[in-house]
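> What follows is the residue order along each chain.
Protein chains: 2
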Amino acid sequence: MNKTTEAKLVIIEDDQTIREGYTYLINNTSPYSVVNTYSSFDIAKNKILKDQPDVIILDIQMPGTNGIDAIPQLKKLLPQVYIIMLTVHETEKIILEALANGASGYFTKNTPSSKIIDAIKEVLQGGGPMSPGVAKKVITSLQKNPDSPLTKRETQILSLITRGKDRSQIATELFIETETVKTHIKNIYVKLNVNSKADAIKVAKNNRLV
Amino acid sequence: MNKTTEAKLVIIEDDQTIREGYTYLINNTSPYSVVNTYSSFDIAKNKILKDQPDVIILDIQMPGTNGIDAIPQLKKLLPQVYIIMLTVHETEKIILEALANGASGYFTKNTPSSKIIDAIKEVLQGGGPMSPGVAKKVITSLQKNPDSPLTKRETQILSLITRGKDRSQIATELFIETETVKTHIKNIYVKLNVNSKADAIKVAKNNRLV
DNA sequence: ATTAAAATACCCCTTTAAGGGTTAGTTTTC
DNA sequence: GAAAACTAACCCTTAAAGGGGTATTTTAAT
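Protein chains in written order, with the numbering used here: chain A, 1 to 210; chain B, 1 to 210.
Some hints here could point you the wrong way.
Computed list of lysine-lysine pairs in DSS-like fashion (alpha-carbon distance at most 27 Å, straight line) [as the list claims (entries may be wrong)]:
1) 205/B with 93/A
2) 50/B with 197/A
3) 144/B with 109/A
A few chain B residues that don't get close to chain A, going by computed Cβ distances all over 10 Å [claimed, not checked]:
4) 43
5) 111
6) 165
Since the hints were made in silico from the structure, they are not lab data. Every residue gets a Cβ at the ideal spot worked out from N, C-alpha and C, and that includes glycine.
Use the sequences and the hints to build the structure in full.
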């Protein structure tokens, strides 16, 4: 077992059975060692600095502070730590929140144990391990709507609007007149059935038009 | 070999060696069959409808239409097709563009062949297979900056600004006065060293503050 | 070669939002 | 109990947004 493959883990998870199961598994079938486990973040936060884990396996549903909110706090305590979510939650919203907050990986609880060990290896090597279904949702969240009613130019202008540019800035960027931008915007509004920038952005986001 | 695991593939890739290598490999070590290969999208586009592939393995750098631009056109021709990118490009920008355009998976060319076959299986099962480094970049693109200079309220207001809301809409949504929103915005501008909505959004996006 | 769609541009007009400066009370949080 | 955050209000000027209409040029598809 060489130095580069070793790592210290902490598990924060309110279900004792799962905690013990993963601890046993990781300690006995991998080069990694579980140095501590906690049943909630609120209990962990005052002690985890002594553990100095390289990786934290984190649940979301827990008594007190939930896992999503725990992520930035854990990162503040241990800036270099990798956090792998292990949870039953797999809605797009929660997945994206966890990743936005600083999680490095995300797995659902039906994941086979061997995959979790692979995932630990992967985060340590700078990867971003995810369950297939999670990866799918992440990709979906990035995908544009291929059936947009907008033309290329309109899409471009709407995109600049979502970046907060005003008409004259858009005109400069696209080498066209402010009045032309205005015409496009009017056409966008008609197509999206809105009559303000804010509503256009809302429709654009809801329908992934940009 | 049962029906549910079978699938027809097409490879679009300008390097003949790679094309032939993957064709041989997939046809001989997996339940999938490569029904055709093309050296560019421009050649493929008039013939691929006859192939009716379930999955397309697609390169980016090709003569004529590049792989990124080919994705929406392929999706238009074959709405149900899964597209797996296989390319040397791994900049965040290109990865995100490919996924935004409708790719279902993304691999770099140093990926072992066995992983490509796993990836085909995964897309067919509705997953989103990616190389570890790609997944990492996708996750990074979603992560917020934990060292934001903004307070919680300021971040919240900046986020609403990025959604195109004006001061009065923000005030209504947060149950505070328009003047308070204005004060927050002024403080945000000072912290971000900007003096307009557009610039604030730009800084927010560049530094992932929201 | 034609023609429909898209992109370009300009005019009128009114309303409202944005941004700068300044001060100050209240509530959280450490 | 001090600091930071959140709240709220007043002054002011300028710039932007949005609605109406019309018209030319360019591009893409048949």
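> Compare the structure with each hint and give your call.
Hint check:
1. 205/B with 93/A: holds, 19 Å
2. 50/B with 197/A: It is violated: about 44 Å lies between the C-alpha atoms, which goes past 27 Å.
3. 144/B with 109/A: holds, 25 Å
4. 43: holds, 23 Å
5. 111: holds, 13 Å
6. 165: violated, 5 Å
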